[in-house]
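With the hints as extra help, turn the sequences into a complete structure.
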Amino acid sequence: SQQGEEDPQALSIQEGENATMNCSYKTSINNLQWYRQNSGRGLVHLILIRSNEREKHSGRLRVTLDTSKKSSSLLITASRAADTASYFCATDFAGANSKLTFGKGITLSVRP
Amino acid sequence: GAVVSQHPSWVICKSGTSVKIECRSLDFQATTMFWYRQFPKQSLMLMATSNEGSKATYEQGVEKDKFLINHASLTLSTLTVTSAHPEDSSFYICSAPGGLAKNIQYFGAGTRLSVL
Numbered sequence: 240s241q242q243g244e245e246d247p248q249a250l251s252i253q254e255g256e257n258a259t260m261n262c263s264y265k266t267s268i269n270n271l272q273w274y275r276q277n278s279g280r281g282l283v284h285l286i287l288i289r290s291n292e293r294e295k296h297s298g299r300l301r302v303t304l305d306t307s308k309k310s311s312s313l314l315i316t317a318s319r320a321a322d323t324a325s326y327f328c329a330t331d332f333a334g335a336n337s338k339l340t341f342g343k344g345i346t347l348s349v350r351p
Numbered sequence: 018g019a020v021v022s023q024h025p026s027w028v029i030c031k032s033g034t035s036v037k038i039e040c041r042s043l044d045f046q047a048t049t050m051f052w053y054r055q056f057p058k059q060s061l062m063l064m065a066t067s068n069e070g071s072k073a074t075y076e077q078g079v080e081k082d083k084f085l086i087n088h089a090s091l092t093l094s095t096l097t098v099t100s101a102h103p104e105d106s107s108f109y110i111c112s113a114p115g116g117l118a119k120n121i122q123y124f125g126a127g128t129r130l131s132v133l
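Sequence order for the protein chains is A and B.
When we follow our numbering, the leftmost residue of the first sequence carries the number 240, and every step to the right adds one.
When we follow our numbering, the leftmost residue of the second sequence carries the number 18, and every step to the right adds one.
FYI, nobody ran anything at the bench for these hints, they're computed from the structure.
Any given hint could turn out to be false.
[Said to hold, decoys possible] 27 Å max Cα-Cα, derived BS3-like pairs, lysine-lysine:
| hint | chain 1 | residue 1 | chain 2 | residue 2 |
| --- | --- | --- | --- | --- |
| 1 | A | Lys343 | B | Lys81 |
| 2 | B | Lys83 | A | Lys343 |
| 3 | B | Lys83 | A | Lys338 |
| 4 | B | Lys83 | B | Lys31 |
What you are looking at is a predicted structure, and each value in this text was computed from that prediction instead of being measured.
See the structure below:
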């Protein structure tokens, strides 16, 4: 069963604006990750945040994690048309043997 | 970074035939690989965990005899959709864990299966 629930399900913004996507999960986790999927392609890993971390940055990406609320957010700053894709959060937990549980995904459209 | 190659990227077959999809880790070894199925505009559904040298572990509701998985080496896992039917049409994606802690998944590009 899917653990992650992202919101919004779809987001459309203008190039240059920031995009914020949220993810909630149900059980305790080891790590939370965000992946990106271009249409008809495989997923690409973006960023991983550990359960004992609260915020992490990578280039134009900023991810936060609130374990008390079981939620995470992904912020993409200064968005570009090339950021148009689907974004998934994924969680893993102790003893899962690298197995990830993916959320439903958010479709981001960045208008040029 | 680690690269996972998946082949073919697209296959059309007649109902009743079997289709094999290959997943290779090109520059790292993978004792475990994962197979997912994805319907349009939906998330990934884990079908099974492929284990090198042993039987695959299937998720609840996935037919073992329908979706045969073979992990013949440390770099190759195959998924065979046996006696495919139109309802098996979907996007199939494989992944392999990598990174220092083996907690990052590296994905193949996916295989679009269309069963006529």
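Verification of the hints:
no. : hint               : in the structure
1   : A/Lys343 - B/Lys81 : holds, 25 Å
2   : B/Lys83 - A/Lys343 : holds, 25 Å
3   : B/Lys83 - A/Lys338 : holds, 22 Å
4   : B/Lys83 - B/Lys31  : holds, 16 Å
Checked against the numbered hints above, the structure violates none of them.
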